[in-house]
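Peer 1: The primary structure of each chain is shown beneath.
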Amino acid sequence: MTSTSDQVARQPRQRPAQRVSLVPYLYLLPHAILFLLFVVYPVGYGLYVSFHRWDLLQETRPFVGVEYYRNLFDPSTPQSQFFWQTLKNTLFFTVVSVPLLVISSLGLAVLLHRPIFGRAFFRAVFFLPGILTVSVMGILWRWMFDNQIGLVNAVITQFFHRQPIPFLSTEWLAWIPIVVGTVWWTIGFNMTLYLAALGNISESLYEAASLDGATAWQQFRGITLPLLTPQTLFVVVTTALASLQLYGQSLVITNGGPTRTTQSVIQYITEEGFSNNQAASATAMAFVFGVIMLIFTAAQFRIMARDVQGGN
Amino acid sequence: MRRSTTLMLLGAALLLPSASAAYSGPKVTISYLHGFTGPDRPVMEGLIKQFNSTHPNIEVKAQAQPWGTTWQQLPSLVASGRSPDVVVINEDQITGFVARGAVSPLTPAELKSAGIDQSRFYGPLFKTADYKGKSYGVPISSVAYVMFYNKDLMKKAGLDPNKPPRTREEFLKAAQACTVDKNGKKAGQDGFDAKNLDTWGVSLYNNWVGSRLAYAAILQNGGSLVDKDENAAFNSPQAASAVQFLVDLVSKYNVARPNSTEEAELAAFSQGKVCMFPSGQWYNDRFEQQKMNYGVAFLPQIGGTKQDAAWGGSSHLTLPKQRAGYDANKRAAALEFINWMTQPAQNLTWTSTGSLPTQAAVASNKKLADQKISGIFSKLSSIYAVSGFPWSGQVLSPFDNAWENAYLGKKPVQQALNDGVSEANKQIGQARKSLQ
Numbered sequence: 001m002t003s004t005s006d007q008v009a010r011q012p013r014q015r016p017a018q019r020v021s022l023v024p025y026l027y028l029l030p031h032a033i034l035f036l037l038f039v040v041y042p043v044g045y046g047l048y049v050s051f052h053r054w055d056l057l058q059e060t061r062p063f064v065g066v067e068y069y070r071n072l073f074d075p076s077t078p079q080s081q082f083f084w085q086t087l088k089n090t091l092f093f094t095v096v097s098v099p100l101l102v103i104s105s106l107g108l109a110v111l112l113h114r115p116i117f118g119r120a121f122f123r124a125v126f127f128l129p130g131i132l133t134v135s136v137m138g139i140l141w142r143w144m145f146d147n148q149i150g151l152v153n154a155v156i157t158q159f160f161h162r163q164p165i166p167f168l169s170t171e172w173l174a175w176i177p178i179v180v181g182t183v184w185w186t187i188g189f190n191m192t193l194y195l196a197a198l199g200n201i202s203e204s205l206y207e208a209a210s211l212d213g214a215t216a217w218q219q220f221r222g223i224t225l226p227l228l229t230p231q232t233l234f235v236v237v238t239t240a241l242a243s244l245q246l247y248g249q250s251l252v253i254t255n256g257g258p259t260r261t262t263q264s265v266i267q268y269i270t271e272e273g274f275s276n277n278q279a280a281s282a283t284a285m286a287f288v289f290g291v292i293m294l295i296f297t298a299a300q301f302r303i304m305a306r307d308v309q310g311g312n
Numbered sequence: 001m002r003r004s005t006t007l008m009l010l011g012a013a014l015l016l017p018s019a020s021a022a023y024s025g026p027k028v029t030i031s032y033l034h035g036f037t038g039p040d041r042p043v044m045e046g047l048i049k050q051f052n053s054t055h056p057n058i059e060v061k062a063q064a065q066p067w068g069t070t071w072q073q074l075p076s077l078v079a080s081g082r083s084p085d086v087v088v089i090n091e092d093q094i095t096g097f098v099a100r101g102a103v104s105p106l107t108p109a110e111l112k113s114a115g116i117d118q119s120r121f122y123g124p125l126f127k128t129a130d131y132k133g134k135s136y137g138v139p140i141s142s143v144a145y146v147m148f149y150n151k152d153l154m155k156k157a158g159l160d161p162n163k164p165p166r167t168r169e170e171f172l173k174a175a176q177a178c179t180v181d182k183n184g185k186k187a188g189q190d191g192f193d194a195k196n197l198d199t200w201g202v203s204l205y206n207n208w209v210g211s212r213l214a215y216a217a218i219l220q221n222g223g224s225l226v227d228k229d230e231n232a233a234f235n236s237p238q239a240a241s242a243v244q245f246l247v248d249l250v251s252k253y254n255v256a257r258p259n260s261t262e263e264a265e266l267a268a269f270s271q272g273k274v275c276m277f278p279s280g281q282w283y284n285d286r287f288e289q290q291k292m293n294y295g296v297a298f299l300p301q302i303g304g305t306k307q308d309a310a311w312g313g314s315s316h317l318t319l320p321k322q323r324a325g326y327d328a329n330k331r332a333a334a335l336e337f338i339n340w341m342t343q344p345a346q347n348l349t350w351t352s353t354g355s356l357p358t359q360a361a362v363a364s365n366k367k368l369a370d371q372k373i374s375g376i377f378s379k380l381s382s383i384y385a386v387s388g389f390p391w392s393g394q395v396l397s398p399f400d401n402a403w404e405n406a407y408l409g410k411k412p413v414q415q416a417l418n419d420g421v422s423e424a425n426k427q428i429g430q431a432r433k434s435l436q
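Chains L and F are the protein sequences, given in the same order. Position 126 of the first sequence, counting from 1, maps to 126 under this note's numbering, and the rest follow consecutively. Position 345 of the second sequence, counting from 1, maps to 345 under this note's numbering, and the rest follow consecutively.
Here chain L stands alone, though its shape is the one from the complex (with noise of 0.2 Å):
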């Protein structure tokens, strides 16, 4: 790391001003361009539509200033109602099906590390559902929890001699079929991470280990969850960036029900824009959001350069 860094360090020094070149920025313009273009316009200019009361087919489109930044955090609106309560189900979502999602994950990396048989098979199985789109596993997962043909409640109907449970309409429950089908739906990409990151781990240090009489779990403990320390991070990061984007699984599986309980943020900010036909206001939701995430992002790579260092 500090290698690398003095490299860097010195190389302005070791050139000449008079040879910088143009060389570089022309390499960089086709970046430069799509760059501008599709990320620096839009977000400059929905952020110009978000202080107007905005519709493509009026023909005034008149300055509102913060209105509708300011109906956010007015509690007799709808608009804050719904976007907070939205945001908080996606917040639980994340906080609920991360961990689930990178332990499941290790675990299973873990487990078909090793030499069992038919590994590539099981690899491939727990890989698979991941190629699926999200409206058929959305489809798939509704099914298994229907409140009255849904496999789970056959087996508890069939085999327990309990009454059906009502998942779909039954507000917190309505997350299990979400959540489970989340983690069977995206654990194999993290296995895989994982996975690639076991097998750089040196043997030796296993050797060296169960030579001392480290058990199994001292092992993982002491070497293999150290070790993983970077992978984790970066497991965590995109996993939780995954999961506050969650759209598709609750827009398919409950639609956002019962009564807006699983509704996620951007299912809200969508119906704002397009089922409500208010621009400016899903724009000004949308860049909350956007705000929020970045805050979280930024913490996020916070703690993880820092233990990043530490780590090695």
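Incorrect hints may appear among the rest.
[As the list claims (entries may be wrong)] In silico DSSO-like links for lysine-lysine, alpha-carbon gap of 27 Å or less:
{"hint": "1", "chain 1": "F", "residue 1": "K173", "chain 2": "F", "residue 2": "K379"}
{"hint": "2", "chain 1": "L", "residue 1": "K88", "chain 2": "F", "residue 2": "K411"}
{"hint": "3", "chain 1": "F", "residue 1": "K252", "chain 2": "F", "residue 2": "K273"}
{"hint": "4", "chain 1": "F", "residue 1": "K410", "chain 2": "L", "residue 2": "K88"}
{"hint": "5", "chain 1": "L", "residue 1": "K88", "chain 2": "F", "residue 2": "K426"}
[Claimed, not checked] A short, non-exhaustive set of chain L residues, derived as facing chain F with CB atoms under 7 Å:
{"hint": "6", "residue": "H52"}
{"hint": "7", "residue": "L56"}
{"hint": "8", "residue": "S80"}
{"hint": "9", "residue": "G273"}
{"hint": "10", "residue": "N276"}
[As the list claims (entries may be wrong)] Interface residues of chain F toward chain L, partial, derived using beta-carbon atoms under 7 Å:
{"hint": "11", "residue": "T37"}
{"hint": "12", "residue": "A99"}
{"hint": "13", "residue": "R100"}
Keep in mind the hints are simulated off the structure, nothing from the lab. All C-beta atoms in this analysis are idealised placements derived from N, C-alpha and C, irrespective of residue type, glycine included.
With the hints as your guide, set chain F onto chain L.
Peer 2: Frame of chain L, contents of chain F only:
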């Protein structure tokens, strides 16, 4: 299905020539945007081909894309003056686009010179595209809520399978007769176990499709979704009493399952567990293929006796607003196209996609007479779309939520409706501002 389509196309072709071309100007090309992207697409493409071959001076270039994409694109297309010449807009979107100025009115003079006669169509269906006394579209396709009923199960319950219930009393009696628990006890008998039903009377469920039954019941009782000022009003006494009866079917009479989903009820009806399945007519094909012994009836008057009513959806041919200096010939040609496309012959062809007839002349056609769905044809003029106010999204989402709360027993009916109305009216307040 494939064979009947071909036959109908043939029949339509034979019926056609009487409509002489009203447009006699120079050759024009008009663009036509529609959302019939499923199995209905080849039927639409066949019709367009037929139009082009019989109208040498008009060429229609059609583009099919998902409805949602059109709703998102239409505002920018209109704003930039690049909108297609003819666009199909659905009932829940059309008033919004009209109020925002995206669609141009069809004047009585234009309709007359193009030969489009409003009285040919079912009244409420044609009025779906009306706003503030002006017409903005001509119906091309129509779907509706109907009541499917299982004839075998009704016979078993001691009911006449050829006389589906018409009134609330008949409906409740039939539903009770159909409801038997796993020990063979009927609803209302001593020891009846409502939690373990073997068969039951009627399918209710909590999603938007389920809530369209509540909409029909409210209309039947003389209520409505919005008042004359276009504010939400589905908490009126008429509305509350109609919805209360539906909720009572679950909680008081035990003739419908609580906490049910559309999939579960659909499966139950297919398996012969439930007598009456009120839902979209689009399930007809599915039951037909399953060779069930079923009938299709118009919704009985369960909400009240004020009027017959069922929810319906529809698609309308519209002429979007164009930039100044738009070729008048194109508009005339587009009107000619609209007239041709909505003629009885073409509409008869279109019914092969599962659409209902848009006009009585088609409903009375012999080709449709032996189809099960024809059981509702005498009531097609009592089908009402959610339309006529520019904020259907702001009203329907709270309404669907209110139905969900009431049906699932999370709130008393009146409170669920009041909460929905209060939310809807706040949303409408914001929408009003953006329409100024």
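Peer 1: Now, for every hint given, state plainly whether the structure supports it.
Peer 2: Against the structure, the hints:
Between K173 (chain F) and K379 (chain F) the CA atoms are separated by roughly 23 Å; this keeps the pair inside 27 Å, and the hint holds. Proximity of K88 (chain L) to K411 (chain F) is assessed by CA-CA distance (about 23 Å); at most 27 Å being required, the pair is judged to hold. For the suggested pair K252 (chain F) and K273 (chain F), the alpha carbons sit about 20 Å apart, so the restraint of at most 27 Å is met. Under the criterion of a C-alpha separation no larger than 27 Å, the hint pairing K410 (chain F) with K88 (chain L) is consistent with the structure, at around 21 Å.
Pair hint K88 (chain L) plus K426 (chain F) holds up; C-alpha atoms about 22 Å apart against a cutoff of 27 Å. Taking 7 Å as the C-beta contact cut-off toward chain F, the hint placing H52 (chain L) at the interface is violated, the least distance being around 10 Å. Satisfaction of the interface hint for L56 (chain L) is found here, the shortest Cβ-Cβ separation to chain F being roughly 4 Å, below the 7 Å cut-off. Interface hint status for S80 (chain L): violated, as the beta-carbon distance to the closest one in chain F is roughly 11 Å, over 7 Å.
At a threshold of 7 Å, the smallest CB-CB gap from G273 (chain L) to chain F is about 9 Å, leaving the interface hint violated. Interface restraint check for N276 (chain L): the shortest CB-CB distance to chain F comes to about 5 Å, inside 7 Å, so the restraint holds. Taking 7 Å as the C-beta contact cut-off toward chain L, the hint placing T37 (chain F) at the interface is violated, the least distance being around 16 Å. The interface hint given for A99 (chain F) is broken, as the beta carbon of that residue sits about 9 Å from the closest beta carbon of chain L, more than 7 Å.
At a threshold of 7 Å, the smallest CB-CB gap from R100 (chain F) to chain L is about 4 Å, leaving the interface hint in force.
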